[in-house]
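If you want the building blocks of each chain, they are given just below.
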Amino acid sequence: MANKKSFALHKLHTLLGLFPIGLFVVFHLTANFQATKGPEAFNSAVQMIEHAPFLLFLEFGLIYLPILFHAIYGLYLAFQGKPNNSQFKYYRNQMYLLQRVTGVITLIFVAWHVWQTRIQKAFGAEVNFDMMADILSNPFMIVFYAVGILSAVFHLSNGIWSFLVHWGITVGPRSQRFASIFSMIVFVALSYVGLRAMFAFV
Amino acid sequence: MAEKLVHLIVTRQDTPDSTPYKEEFKIPYRIGMNVISALMEIQRTPVNAQGQKTKPVIWESNCLEEVCGACSMVINGKPRQACSALIDKLEQPIRIEPMTTFPVQRDLTIDRSRMFDALKRVKAWIPIDGTHNLGPGPRMPEVDRQWAYELSKCMTCGVCLEACPNVNDKSPFIGPFAISQVRLFNEHPTGKMNKAERLETLMDEGGISYCGNSQNCVMSCPKGIPLTTSIAHMNKETTKQALKSFFFS
Ligand code: SF4
Ligand code: FES
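Protein chains in written order, with my numbering: chain A, 1 to 202; chain B, 1001 to 1249.
One or more of the hints may lead you astray.
[Said to hold, decoys possible] Below, computed lysine to aspartate or glutamate pairings styled on EDC-like, alpha-carbon distance capped at 16 Å:
1. Lys121/A <-> Glu40/A
2. Lys1078/B <-> Glu1091/B
3. Lys1004/B <-> Asp1088/B
4. Lys4/A <-> Glu1065/B
5. Lys11/A <-> Glu1200/B
6. Lys5/A <-> Asp1204/B
7. Lys11/A <-> Glu1065/B
8. Lys11/A <-> Glu1237/B
9. Lys11/A <-> Glu1091/B
10. Lys4/A <-> Glu1205/B
11. Lys4/A <-> Glu1187/B
12. Lys82/A <-> Asp1169/B
13. Lys4/A <-> Asp1088/B
14. Lys1236/B <-> Glu1187/B
15. Lys4/A <-> Glu1197/B
16. Lys5/A <-> Glu1205/B
17. Lys1153/B <-> Glu1091/B
18. Lys5/A <-> Glu1091/B
Since the hints were derived computationally from the structure, they do not count as laboratory data.
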């Protein structure tokens, strides 16, 4: 009976979503934003990251493994729910569904994006401005990336709200409403950063 | 003279395993009618809208004043109590269905045993038995009594489970009401003494972490119980309890 495993896994899931994954997303989008200042600025940002010490270790420990766990466990959670949005059209219920939908879209997007960039790098390609400009020369890819970025950003912003509830930080309705507004501001701000950066490659 | 009629579409089921079907009824309107009195009318004259004789519709009810929770059903798409669902305030035809989150026994009667099992699991009571007189318990501050009283209004009606997307046959989630009851009993000055025990039960399989924050429960509870506040509060308490037992015991 006393089985606290899923309690601990749930907690880990919400924690990893913010630290390190959420922080990484913010960092990544900000680094991309360098592209708005021209190819050189972007390339030097990439160079700087690639020269970070213990890079491979950091990549696995802070990015790949947390994302893998968050994604697999998240899928398992998402498919345990039975959305009832046509019957209950409340705001938070719509967010409940969107959180799960954007999670799945983000996973597909991230898998494809990693294949196009990081895995190609492992095969010997160079990650730089031209690589992204090349990828985004395809109009279909522009749409795919825009949807992917918006999904990831939404999932993160609304995830901050859920995190605060899951850890018992926002308890009463007033603080939760405030967190709702805050999370939407984060969504708008990060969407701007993400999309602006993406269109710099187009 | 054309008599005013009430048009009902009832989802019926003959046995726990048989396939549900819909049956329509047109019954004479009376002033101040509610869904229960409409069902009573069908019971008196079990004739459907086609004029055929049929089995009377089975349902459950007790208090008829929205305090027992027995008459919960889905009326026009929303789970609620039939006894407080006034015909005048409902759009016709009125669709009446059982709450299928629970096993349907027959027609609108459901088996809510899982809720009582959940209450037993989270130890939603205050142990006061001793071999000798334990004397009066500590007093409760009035400010806390006021909000705790609100939580104590829960009538185990099941509406919050029916509204929750995470309560279903794919998930072991015990449901919002049980979490709120832990908050209630943990606030009671005597109940507090078994606080840790109850929190531990919430951390077990199917416990508090299965909440997906859709917050439908708080929007649906007929008693206006602040379920999501209780859940978030218990999130905090279980987290503290987990850290405490990890580091200190
Ligand atoms: S919390 Fe509200 S909706 Fe849930 S069982 Fe109790 S009274 Fe019904
Ligand atoms: S009969 Fe008791 S709540 Fe309706």
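Hint consistency between Lys1153/B and Glu1091/B [alpha-carbon to alpha-carbon, up to 16 Å]: violated (29 Å)
For Lys1004/B and Asp1088/B, compute the direct alpha-carbon distance and say whether it is at most 16 Å. holds (12 Å)
Between the alpha carbons of Lys1078/B and Glu1091/B, is the straight-line distance 16 Å or under? holds (12 Å)
Straight-line Cα separation of Lys11/A and Glu1200/B no greater than 16 Å? Roughly 15 Å between the alpha carbons, so the hint for Lys11/A and Glu1200/B holds.
Would the hint linking Lys4/A and Glu1065/B be met if the CA-CA limit is 16 Å? violated (40 Å)
16 Å limit on alpha-carbon distance, applied to hinted pair Lys5/A and Glu1205/B: Judged against 16 Å, a Cα distance of about 8 Å means the pair holds.
Next pair to validate is Lys82/A with Asp1169/B; report whether the Cα-Cα distance is within 16 Å. Distance of about 9 Å is within 16 Å: holds.
Within a Cα-Cα threshold of 16 Å, do Lys5/A and Glu1091/B meet the stated pairing? violated (47 Å)
Agreement of Lys4/A and Glu1197/B with the hint, judged by alpha carbon distance not exceeding 16 Å: holds (13 Å)
Sort out whether Glu1065/B lies within 16 Å of Lys11/A, counting only the CA atoms. violated (41 Å)
Measure nothing beyond the straight line between the CA atoms of Lys121/A and Glu40/A; if it is 16 Å or shorter, mark the hint as holding. Violated - the C-alpha atoms of Glu40/A and Lys121/A are around 19 Å apart, more than 16 Å.
16 Å limit on alpha-carbon distance, applied to hinted pair Lys4/A and Glu1187/B: Violated, at about 24 Å.
The structure shown violates the earlier hints numbered 1, 4, 7, 9, 11, 13, 17, 18.
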